[in-house]
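Given chain A, put chain B in place with the hints provided.
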Amino acid sequence: MKVTYNWLKEFVDIKMPAHELAEKLTMAGLEVKAVEEISGDFVFEIEITSNRPDWLSVIGVAREAAALTGKKIKAAAAKSAKLDAPGAEKFSIEIEDKKDCPLYTARVIRDIKVGPSPEWLRIRLESLGLRSVNNVVDITNYVLFETGEPLHAFDLDKLNDRMVLIRRAVDGEKLFTIDGQERKLGRDILVIADKKNPVAIAGVMGGKDTEVTDETRNILLEAAIFDPVLIRRGKQKLGMTSDAAYRFERGIDPASPDKASLRAAKVILELCGGELTCAASSGASRIKESKVVLTAAGIKRRLGCEIPQVKVNNILAGLGFEIKETKKGFLEVKIPSWRLDVKAEVDLIEEVSRIYGFANIPSTLARVVLKNQGDGAQDRIGQCKDILCGLGLNEVVTYSLIDRKSLEGFWNTPDSLIAVCNPLSVEQEVMRPVLMPSLVRGVSHNLKQKQEYVSIFEIANIYRLDANRIQEEYRLGICLCGSKPVWFDKGRIQDEAGFLHLKGIIETLLKRLNVRVNDLRFIAQGAYAFQVLAGDNDIGTLRRLERKILERMEIKNKEVFGAEIDLPKVFSLISTENKFSPLPKFPFAVRDISMVLSEGLPAEKIIKAILDKGRDLIKEAEVVDRYQGKPIEPGYKGLTVSCRYSSDDRTLTEAEINLVHDAVISCLKEEFSARLR
Amino acid sequence: MDIDSIKKALEQDIGPADSAEALEELRLKYLGRKGLIPQLTSTIPGLPVQERGSFGKQVNELKNRVMALLDEKQRSLGQPDSQAQTSGVDISLPGICQDLGRRHPLTLIANEICDMFKKMGFSVVEGPEIESEYNNFTGLNIPMEHPSREAFDTFYLDVPAGSEGKYLLRSQTSTVQVRAMKTRKPPLAIVAPGRVFRPDAVDASHSFMFHQIEGLMVDENITFADLKGVLEFFAKGIFGQDIKMRFRPHFFPFTEPSAEVDISCIICKGKGCSVCGKKGWLEILGSGMVHPNVFRNVGYDPDKYTGFAFGMGVDRIAMLKYGINDIRLLFENDLRFLKQF
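In order, the protein sequences belong to chains A and B.
Those letters in the first sequence? Residues 1 to 677, by our numbering.
Those letters in the second sequence? Residues 1001 to 1341, by our numbering.
This is chain A alone, in the form it adopts within the complex (with noise of 0.2 Å):
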């Protein structure tokens, strides 16, 4: 909204220089975004916020610099004989519902001159990027900036029979606004008719054909209360806007239709000469009288401080609040009719707050009470985060919402799914029940930017219908491809990402959480995942993505795995219990096994049977080494497992441990062919 310095001058006596008013606004509440220079006088633009259409004025404008600077502001033009007693002519006004439009009020000016407005008329509307039309025009423009009410005229000879009827458009009627397009009307649309036609939608734009030219000799002056929803609603629906609809879809100060109407008759009286022949009106105002008491207790509770009775007088008059003492530290406050926005002591005091200025207000650290406030698992996803970037994961962000296509071979039940009704594009069809396709989306980017390697999680919500019941839940998805190069002292070699990478992740992440990994089970799911147990806890999947879907994704010649893993369930399975183990008294002994083997057979079979027989001396068989390739034949692999001999209550003898070995090694050629290297 744009206002200018001179302007408010005209109702307030300002002695401030124009920038120093436009920061005394700014922290009153009218943030005034822009101060220009125009025409020697300084154009204002304010941020006008949503509960003050009383602001959308000069007026308003002005009773703010008015309390700011402890100034009364003045009178409202005086009154006129030729004002107040108009002619006898009638004028017809019908109101279909008084719900959508509470007050209508017209006034009939005849034998006007037409022409352009005199300068200083003009340059003000042009400081405020308005064109200048003509006198009328203009003044009705002019008023409306000044009062915050929108005025209209018609040409009254181009209404047909002398009468204006406020409906609801009729579907398939149309209408030529002044802006010279056609609008096509319906039934949620307002308009001012005359007997046949719409001429005007109501609260917004004028119709072309009724318009005031040169020609026009009588002018039939608007100013009405429209339904603020019904307005913005119309507009919305036309694509249109205006100063006007601006104003009446924040609501209009059910005071000012007749004052700003008179205050528009005075002037085009004096500018356009001619006579006041009729003022009609149909409908009431209603102003409901309110008051509301402040108290000095309420002020201190709030904000924190007292401020000054006196004060306090002073700002709430200076904002046109009338205001009575009823004993000390209560007044009663008598709410305006252009504050619709203050209802209860509260909004009283963030008036006075506003304007005693918030910079007064001491600055304290609450006192604080001590209290369980309950963690949520921000804590623990921290964890999990810093465990992956540990990991060399990197942790992205990718949207909530996606479009069925992508979710194609990654969700398969459409009816689980849930839509958005209103989403800018395709985009943002569904929310999404896997996080899958989004890193795979990353993935397929990081590619195309040439990245040799790409691992990358989030952690995020997951949303699915489930029997009508909306579930929202997070899940820690992971997505690895490529090759790493690993660096050791004679060179590097590439580490090509596969399943056994995102075990490993995902077994560190458990092992840092201190959930279980003895009854982890990897569970193949046909050809391309593995189910995620740990007992019998589902908690996820891993996957290699199928080429179709890397093709969908434009992701060529690479191999993409990938896992969800259900981290709600995951930290249910956390133990709190962390004892310490002593360390052993007695020495171990490691002995080697090099063995060749079937190919297809899996190493934890061999563990297992390891450890079986191994009885209580081996505490430990891992699979140090594993080898494919020459000089062992296709179909066979060689895989080392290292034995740690131990006990609790003596040092073992080579003797004791061989016994044992040896029976180990048997037991591995009976039972799985095994050939020692």
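Derived pair list, reagent style EDC-like, types lysine to aspartate or glutamate, alpha-carbon separation capped at 20 Å:
(1) K503/A x D538/A
(2) K1279/B x E36/A
(3) K300/A x D1301/B
(4) K99/A x E1145/B
(5) K569/A x E473/A
(6) K343/A x D1303/B
(7) K237/A x E1145/B
(8) K74/A x D13/A
(9) K1182/B x E1133/B
(10) K343/A x D1301/B
(11) K608/A x E671/A
If you are wondering where the hints come from, they were derived from the structure by calculation, not from laboratory data.
For chain B alone, kept in the frame of chain A given last:
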């Protein structure tokens, strides 16, 4: 070969060995996996029990002797001790270490902000992203006809409405205020970080998904002065002790009085630049005293309790702090970007 013949062979072998290669050959011959000494060791299990001990001891002595001789010879050959040398190392080669992954800049900033409030006794809580109309609007004193409820400003979901109205994607983390107060009694001091959604067309400064942190403190005798003190502690902790702050009156339906908080521009130190639009100030958050109607909606007595609430955009603060000029970078997940944090 028995122990004695091995000893003899060793005496003969060690003299002529005059190079590192020759020494390595000897090391393999005696100590290698199939070497002479391991061969001796492997015979131990076949010996009578009473002999095993003394034989094992002799083998061990022999092994020590071999190692000592080899070491001595190596020294006499004047072999450089590689461990004590720096000349053979090209220290300009890349260091050998696994690179750590990075946290997303939004996580870094959100943590930094939450930590600041934790120091003051706030707890971090969270709420769902799919919300009811009640928690997103009605409970927060936003009138039925308020424009923010329209489909231009809020994503609605195609699921049957529940007892708290239509389902939607929360357009602000203030929903957590309502949730927290519905289930807990004062005193209350919480911060809630999370994703929020609004149907904005994506460009350099808009995203249909972004992040906010909401804060709420409620007790008897919580005042606007406390709001100022707490937010000053936070802002100075995040942006530096030397910043200036101002509380500018504003309007939010769920607070009264309401204030927007500006800090002196961290780029130009308040002189005016393109980042702050020549104003010298950067708006960083919205705040205010909880509106009595919000307390009534959650069943708190507004005559007994007062409180303040605040909310801020994490993406915006991350962009300001890291100098990121395009919000889309935060969601593109380009590793070249992510690895800078």
